[in-house]
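Undergrad: This is what each chain is made of:
There are 2 protein chains.
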Amino acid sequence: MEDYLKQREQLITEDRAQRVDSARMQSLTHIEQKAESIVRAIRAAEAVSVWGVNGTTIFDYLPDDKSPNVFPGMAFLTARNIAVHTQLFQILSRMPKGALLHAHLDATVKARVLLKLALEQPAMHVRAANRITPNNLRATLPEFKALPQDQWTSLASLTEDSYVPNEYVPLHKARQNFDQSLGGPEAFDDWVVSALEINPSEAYGTHNTTAKIWAKFTSTFMVSGNLCHFLPLWRKYVREFLLSSVDDGISYVEPRINFWYKYMTGADGQENVTHRECLVAFDEVLNEVKAELKRQGREDEFVGAKIIYTTLRMDQGDNVEWYLEDCLALKKEFPHLIAGFDLVGHEDSLKPLTDYIEPLTKFKARQKELGLDIPLLLHAGETLGDGSAADMNLYDAILLGTKRIGHGYSLVKHPKLMEICKEKTIALEVCPISNEVLRLTTSMPMHPLPIMINHGLPVALSSDDPSAWGSTGLTYDFYQVLVSTEVSGLITMGELARDSIKYSCLEDAEKERALALYEKQWLKFTEWVVHEYSAASADGTRKMPN
Amino acid sequence: MEDYLKQREQLITEDRAQRVDSARMQSLTHIEQKAESIVRAIRAAEAVSVWGVNGTTIFDYLPDDKSPNVFPGMAFLTARNIAVHTQLFQILSRMPKGALLHAHLDATVKARVLLKLALEQPAMHVRAANRITPNNLRATLPEFKALPQDQWTSLASLTEDSYVPNEYVPLHKARQNFDQSLGGPEAFDDWVVSALEINPSEAYGTHNTTAKIWAKFTSTFMVSGNLCHFLPLWRKYVREFLLSSVDDGISYVEPRINFWYKYMTGADGQENVTHRECLVAFDEVLNEVKAELKRQGREDEFVGAKIIYTTLRMDQGDNVEWYLEDCLALKKEFPHLIAGFDLVGHEDSLKPLTDYIEPLTKFKARQKELGLDIPLLLHAGETLGDGSAADMNLYDAILLGTKRIGHGYSLVKHPKLMEICKEKTIALEVCPISNEVLRLTTSMPMHPLPIMINHGLPVALSSDDPSAWGSTGLTYDFYQVLVSTEVSGLITMGELARDSIKYSCLEDAEKERALALYEKQWLKFTEWVVHEYSAASADGTRKMPN
Chain A
1 MEDYLKQREQ
11 LITEDRAQRV
21 DSARMQSLTH
31 IEQKAESIVR
41 AIRAAEAVSV
51 WGVNGTTIFD
61 YLPDDKSPNV
71 FPGMAFLTAR
81 NIAVHTQLFQ
91 ILSRMPKGAL
101 LHAHLDATVK
111 ARVLLKLALE
121 QPAMHVRAAN
131 RITPNNLRAT
141 LPEFKALPQD
151 QWTSLASLTE
161 DSYVPNEYVP
171 LHKARQNFDQ
181 SLGGPEAFDD
191 WVVSALEINP
201 SEAYGTHNTT
211 AKIWAKFTST
221 FMVSGNLCHF
231 LPLWRKYVRE
241 FLLSSVDDGI
251 SYVEPRINFW
261 YKYMTGADGQ
271 ENVTHRECLV
281 AFDEVLNEVK
291 AELKRQGRED
301 EFVGAKIIYT
311 TLRMDQGDNV
321 EWYLEDCLAL
331 KKEFPHLIAG
341 FDLVGHEDSL
351 KPLTDYIEPL
361 TKFKARQKEL
371 GLDIPLLLHA
381 GETLGDGSAA
391 DMNLYDAILL
401 GTKRIGHGYS
411 LVKHPKLMEI
421 CKEKTIALEV
431 CPISNEVLRL
441 TTSMPMHPLP
451 IMINHGLPVA
461 LSSDDPSAWG
471 STGLTYDFYQ
481 VLVSTEVSGL
491 ITMGELARDS
501 IKYSCLEDAE
511 KERALALYEK
521 QWLKFTEWVV
531 HEYSAASADG
541 TRKMPN
Chain B
1 MEDYLKQREQ
11 LITEDRAQRV
21 DSARMQSLTH
31 IEQKAESIVR
41 AIRAAEAVSV
51 WGVNGTTIFD
61 YLPDDKSPNV
71 FPGMAFLTAR
81 NIAVHTQLFQ
91 ILSRMPKGAL
101 LHAHLDATVK
111 ARVLLKLALE
121 QPAMHVRAAN
131 RITPNNLRAT
141 LPEFKALPQD
151 QWTSLASLTE
161 DSYVPNEYVP
171 LHKARQNFDQ
181 SLGGPEAFDD
191 WVVSALEINP
201 SEAYGTHNTT
211 AKIWAKFTST
221 FMVSGNLCHF
231 LPLWRKYVRE
241 FLLSSVDDGI
251 SYVEPRINFW
261 YKYMTGADGQ
271 ENVTHRECLV
281 AFDEVLNEVK
291 AELKRQGRED
301 EFVGAKIIYT
311 TLRMDQGDNV
321 EWYLEDCLAL
331 KKEFPHLIAG
341 FDLVGHEDSL
351 KPLTDYIEPL
361 TKFKARQKEL
371 GLDIPLLLHA
381 GETLGDGSAA
391 DMNLYDAILL
401 GTKRIGHGYS
411 LVKHPKLMEI
421 CKEKTIALEV
431 CPISNEVLRL
441 TTSMPMHPLP
451 IMINHGLPVA
461 LSSDDPSAWG
471 STGLTYDFYQ
481 VLVSTEVSGL
491 ITMGELARDS
501 IKYSCLEDAE
511 KERALALYEK
521 QWLKFTEWVV
531 HEYSAASADG
541 TRKMPN
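Those sequence lines, one after another, are chains A and B.
In case it helps, the UniProt record's numbering puts the first sequence at residues 1 to 546.
In case it helps, the UniProt record's numbering puts the second sequence at residues 1 to 546.
Think of the hints as simulated: they come from the structure by calculation, not from any bench.
Heads up, some of the hints might be wrong.
Stated by the list, open to error - A few chain B residues facing chain A, derived, Cβ under 8 Å:
{"hint": "1", "residue": "D179"}
{"hint": "2", "residue": "E240"}
{"hint": "3", "residue": "K413"}
What the hints assert, rightly or not - Rough simulated footprint, nothing fancy, chain B against chain A, three-plus residues with beta-carbon under 8 Å:
{"hint": "4", "segment": "213–225"}
{"hint": "5", "segment": "497–505"}
Backbone N, C-alpha and C define an ideal beta-carbon position, used for all residues, glycine too.
Build out the structure end to end from the sequences listed, making use of the hints.
TA: This is how it looks when you write it as structure tokens:
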């Protein structure tokens, strides 16, 4: 028996040797050991007290079971309001998260906050395809537009009898006069929010397939785009994104910005703001935020931000080459701001990467000519397909030399590509909640992340489009991951956070600084965990799993 | 570009080199090539016409989408009645399936057939914990029992006012007099069937977690056990299992028989039939079936059957050693019938394999003493856990020298164990539909099978407990697998079928014969596909995926 247990221990060690935490687990500080135990004990206790684990045994069959179908790592849109009240969530919200490497800017600020920002803009108007009534409220989408001052209207409401379909109403008026029979201004807010977020009845009911939920998801961008892409609002949006990220413990961000729209709307209501002007604005906001944090003595919490230039995987009048040249020009002028290039959108239905081999190859040649370096950071394998075009995108992303892979959800089906990703340290930007809401998985325990981690694939946890799932920051993603495993613990989460910095597009010196700052934050955080939760978990502490 | 495509081709080839079909795909006969193309064309056409692929684009958002959430490989209990009407299903139902290596005998015969067999037995009675009324029908389970003749009752109904709770009513009477207000005899049948099967509203609604659905699942065994474990009925049950398997194209079966109950009920209604007598009966039925098939000129369709001796992973008065000794004694007397040993039940809640290391080690020593060879065929990793006890069972199954792994669902999380399984050819008995109904995955595209296949893990597709999901045989499992991939095709399915024979517990000579017979069946089958479907798919044929 002793022999057997020794053999067993060794087999487990070999099996887990490639994990991101395998080295560190051998050399934990006393504080780290304590923090790890505390978090494991809290997780185990909350698995029972919050998520009902062991609440049903196999002999408890009741034909009309009315107890909720809850479990750790369950469907996020249903779990969210339970999760936020847990100790584990409170702890993770304080954890330093490192870098956010995969997030689409237009879906990073909470819907209600975006609406608040929009209400501050007198130019912002809203219209609907019909007068809003209780019967059509759910089926009608708001359409926003910032108008030039000479087109501002004096209409008062989307709900009164006299409303002419598709006429713009000033946003604050439309809200203020939203009919009381519909619920008044608060119902207006809910209506807008429901157009910007995916709700559980859609994801888990009416739109419960990847294709259908993507239709809803795309519609949220159509609604939000017309709010965000108004420069005065956009500046505040970027600011809000940066500050809320820092508040969530994120020290560096690489948002993907969609430059498909060639112009943004300016303060004068004209669609004439160039991509260059957007970058100038972004840089200004970024510097303001840095200055502000410095004034607050928080400069160590934020290293900065760089932009991933993206356009859509679709045909347009101009082909992708216009965007590639645009990206080159921007990189030349703002070398510190442009992190890389990506093609985005629903892989299952839009154009495959094979359609872009020539322009992207040329793009690399042009960089050489111009002495620039713009890594590709391509979405690939965000799909359930096995050999489908979206799954095959992984071959092309890797052959095209992508620096990281956006999602790479289906990568675990590809042994050779896994080998290459490990050898070349091509990190996967894994977005757990996004994958679940967009129906690639129905819960975290079914997500391939543990496969990736155990096989030693480089991973950076990311949020993708948090506003669409009613969240912001990275705490939620870390939470869903941490509750769905008994192998990984707090130390693992810390290693994933460090890796997100390591796999970022920061320059070497910046990266070194970011990693050094991370260690300071980590020490402070683990000390806080031990100080705050030692007593509480003293009785809950249990043997660590093997 | 040409260079790129050459590189791409090579990368794909390397990535897929470990697949079960990689060698064969290089040397297809003309007939196989044609059959493969036909099946791929039909699959592609039915993906659209049956499963609505491409029916929604990302721009088709409708807030109140009423279209069904269908897609290829979707939840089986909902898909079943759609699938059976497809051409692909018709084709697969004719495909030779090789061996069935993972099926629990008590859940292999359709519920309605079992009920029919039970109605033929005058000794069979049924009772309920209360008089059945419309209000409690759904919440009450039928309890069956074969009674000794002196205890047969003359009660007439479970539904009449005078029914005293827990009094036994002769089965045929209970059915015949089931109150018309409840729906009469047909409603009785539905009531029994719903206690023997998992229905979609349970799996996908009220019991939509692994823990809860296992509670329902276990209850089906409690209901069926009292029907099956009556020797006169059991003989007919075994016969039905064997014949329906052969009809489904299965040429060899290794059912797991649960010997947890030490005695079966005999024709006299006494619980005194020993395990030895069960095996004698099994052998007799097996020989009858063989003789019958021979009379029909079908002897080449069936190689035979061996039993996997199983008991439950639970404590009982006697410990597991009683069963191990019992298994040894049976193997000694029926060496041709006992294929191996397994411990079964819900891994997430029952005892882990670590509790059985000593007895199982001793079991091996005892085999040596007695000159016997009883391979372990252990369930392990039938779980969503990541480092949970059920997931850790994989380490023990392998260290204990298991010949195959029952399920191994979580094996893909274990790089070292994957290596060992490939090296030692430890096959995974993968049960796609079972995994989905029991909520390890919510659809086939989310199932890890493509990961297993692409990594070259040895796999045998199995049905587990088909009667619980209203199916029999292996056609359904092959169907769900085949519609959920664009890499695998008919040839892959054939290779999986051949492998099931290869990984069986047949003796070498038997195995050789079975494989030779398979090739005859395969040739006939592929010729039939080409003959039957060439014209139909002529216009649907499309380029094979890479």
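Undergrad: Hints first: check each against the structure and report whether it holds.
TA: Hints, one by one, checked against the model:
| no. | hint | in the structure |
| --- | --- | --- |
| 1 | D179 | violated (19 Å) |
| 2 | E240 | violated (26 Å) |
| 3 | K413 | holds (5 Å) |
| 4 | 213–225 | holds (count 6) |
| 5 | 497–505 | violated (count 0) |
This entry does not satisfy hints 1, 2, 5, going by the numbered hints stated previously.
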